[in-house]
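Same order as they appear, the protein sequences are chains A, B and C. According to the numbering used here, the first sequence holds residues 648 to 813 in order. According to the numbering used here, the second sequence holds residues 76 to 391 in order. According to the numbering used here, the third sequence holds residues 397 to 817 in order.
Don't read these hints as lab results, they were simulated from the structure. Don't take each hint at face value.
[Said to hold, decoys possible] Covered stretches of chain B, going by a simulated chain A footprint (3 or more residues, C-beta under 8 Å): (1) 97–109; (2) 120–127; (3) 382–390.
[Stated by the list, open to error] In silico EDC-like links for lysine to aspartate or glutamate, alpha-carbon gap of 20 Å or less: (4) B/122 with A/709; (5) B/121 with A/730; (6) C/736 with C/713; (7) A/721 with B/119; (8) B/121 with A/709; (9) B/121 with A/653; (10) A/804 with A/687; (11) C/506 with C/494; (12) A/721 with B/107; (13) B/122 with A/710; (14) B/122 with B/147; (15) A/721 with B/117; (16) B/151 with B/175; (17) B/328 with B/313; (18) B/122 with A/730; (19) C/402 with C/435; (20) B/122 with A/687; (21) B/336 with B/285; (22) A/721 with B/294; (23) C/736 with C/681; (24) A/806 with A/653; (25) B/151 with A/756; (26) B/336 with B/297; (27) B/151 with A/709.
Quick caveat: nothing in here was measured; it's all calculated off a predicted structure. Just so it is clear, CB atoms sit at the ideal spot from N, CA and C, and this is done for glycine as well.
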Amino acid sequence: MSTLPDAETLCARLVAELRPSVGPNTAMIGLHTGGVWLAERLHAALGLIEPLGTMDIAFYRDDYHTQGLARDPKRTQIPFSVEGRDLLLVDDVLYTGRTVRAAMNELFDYGRPATISLVVLADRGGRELPICAQHCGAKVEVSAEMRLRLRRGGDGKLKLELERAE
Amino acid sequence: MQSNPQLNEHGELRHLLSIEGLPRDVLGSILDTAASFVGVTEREVKKVPILRGKSVFNLFFEPSTRTRTTFEIAAKRLSADVINLNVAASSQTKGESLLDTVANLSAMQADVFIVRHASSGAPYLIAQHVKPHEHVINAGDGRHAHPTQGLLDLYTIRHYKRDFSRLCVAIVGDVLHSRVARSLIHGLTTLATPEVRVIGPQTLIPTGVESLGVRVFHDMREGLRGADVVVMLRLQSERMRGALLPSAQEFFKHYGLTAEKLALARPDAIVMHPGPMNRGVEIDSAVADGPHSVILPQVTFGIAVRMAVMSMVAGT
Amino acid sequence: MTILIKNGRVIDPASGRDAIGDISIADGRVCESLPGKPDRVIDAEGLVVAPGLIDLSARLREPGYEYKATLESEMDAAVAGGVTSLACPPDTDPVLDEPGLVDMLRRRAKALSRARVYPVGALTVKLAGERLTEMAELAEAGCVAFSHANAPLSDTQVLWRALQYAATFDFAVWLRAEDYALARGGVAHDGDVATRLGLPGIPAFAETIALATVLELVRATGARVHVCRLSSGAAVHLMREAKAEGLPVSCDVGVHYVHLSEVDLGYFDSHCRLVPPLRSQRDRDALSSGLADGTIDCLCSDHTPVDEDQKQLPFAEAEPGATGLELLLPLTLKWGAQRKLPLVETLARITSRPARILGVQSGRLAHGAPADIVIFDPHAPFAVHAGSLRSQGKNTPFLGYELEGRVRYTLVAGNLVFELA
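So here's chain A without its partners, still in its complex pose (with noise of 0.2 Å):
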């Protein structure tokens, strides 16, 4: 089994990729709950304007009909304009892409910004959507039953982890 890679070193790399694209009119977004800890880390070290906005996306996921509602739905909070934005949409792993499709879809009903950028820490191929990272930390392979988290320790550093799909 291939080791996975360190979590702070891609964050790193991620906030030296992003640095020269961030301006003014830039604002992040972080989908809970993997993408709002790494967007907490981007957000502090590019020292963006405005404030951190977070992002569930229970309402507009696409398997309702089949899982029924997610248990627990976080609240959305955007405390800026999402108007005229280029905005930087923050997820921790991306697979199918069916995660970034909902989250685009609850974007738009919130204002029409003028450029998405998808920034994920790790990209695990499985696409069943037309959708792509702009700025990726690593792409890394898993075998289908397992699950890729990002996951939080008690001091705040990052960590990426394997865990069995149910």
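Guided by the hints, dock chains B and C onto chain A, whose structure is given.
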């Protein structure tokens, strides 16, 4: 005896018929989900696509514009199609039975039935006869339950007071006829509220109400002492005719909420009312419009709570 | 036709007999021995041979309610349940307040040749509680007693006069004690369950207030009164005192009430919508004890067939009543077993004691008694469902239950009127 008809075999909410019998974690889940929906109601585009393609039938055998409207708004904000059936006027008077009415609507591809009926237990009867993919939400049955009202009352209390485990809640007025009171009492006891009181004259307090986990007070001043939350119930004019009360004036004098009586409650107490209010009968205008009153926010929370219930129930 | 019932466990509560033995039948009566070979032999090995059951209240729904049930179906149900004599209340349509109607009912029943039907006449015209009926005429036409069924009799003056009149002729009056005004609008026992379910309640004192009134009028008039369908422990207490005082009173309890209570309403089960209402568990226990110690004389089914449409309604709107003729035996056996009573004691409550109240010769197995006999297997399972009930009323709280006690043969006047296939 039947098992809890509200939950499916996985313990998920299939129907919402009463707060009684809802496990504590399901109750908490509904309130948390409602919190997420409050965010939706506050933004520009107030819709989410979750119930797109689903049909919600408002089946009101007892007329009500307020409750029906909030359910309609909630359903539309979930992108559902809403059909309003004022059944009170049509098929019932033609003598069609309750179950026949439901069966006919079921044939029209309904997903969710929102039912209000004058007879306690009517939604249970309906829930026993709907198809597996159909869901029933009780919008009020006789004196028995009004679970979405109870939930929005709990949500309101949680919003202002956070922690149920330290609260004293006083419910004042016609408890005997109140489905709102029964639902709220079940919710409060499930959430381990240490002190729940009912206050009213003996004629308006039902027999054995202590078995629901409440303390009975006939003296309103005593009952309000130290209360964190005061819930005023609506008094209907029929009660004056039914040998239960002599007059609205005498009722107001002893059981109406005035600033002077409210002063006996805690200084940061909140005042709630399920509406519509009878000013000068159960509550003084000054209090209804005053700083302790959270009666208007209750209405906003009501839409979010109903959105939460509909989306949880329709997804099982 | 002569019949020999062989090797059964013969139980005759009237004499206290409980032993293995034979019963011979000739000319429609029990006899000590037969002259020659019997025309038919019934092997009753392993079965109980007892007097046919006597049910003090069974609604046959005729005349007037034929869409709910008919004499045919309900008489089939009666004998399938081992009931060989039954009294039917006067709340038919039209009410049994005319000798002609009583006569017609008796003829119809007799022509069917199944159980014996004893009509109970109306105490007031149309059961309206205002004018007295021609009780003497009705008695001549065959009424064994006079009652007010479940209709309100709120004018105490009328009640007093009715009891005086009945006492004049020594007619028995059967009354269910309930204060109409206190019961008005109520559908369940006024207690914890009704409060929780939001159902209008009937307090227990609606029964005791009315019962106290009746007992006072018995003291004043000397009328023989049988109190029907006790529902509360407090009423049992009043009856105990009345009997100790020596008043000419008796009483019964419906077989559902020694088993069920308000708790059984569950999630608004309209099969538990009954009149009087099922009360608290303490009331149920007091009724059970009262029946065991003899304060309550007997059990009856209070058989009331209701079609499913009238039960598939919200609780308060559903029509009250439960089917019971076919459940009287198994439910009585269940009660007796719970109280650890000997079978002969248990069976007295549905044979010899109701016979005494009805004033009939059946209900015992002595030489010369009418050959009204039930032969049953006390341990055979009886699964209660729509298909296993012959009554048109499938409405029972015991739907889906498995009870114990199945009738194998029923004889009325020496004729085999029921045989289990």
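Task: Hints not upheld, ascending by number - done: 6, 9, 16, 20, 21, 22
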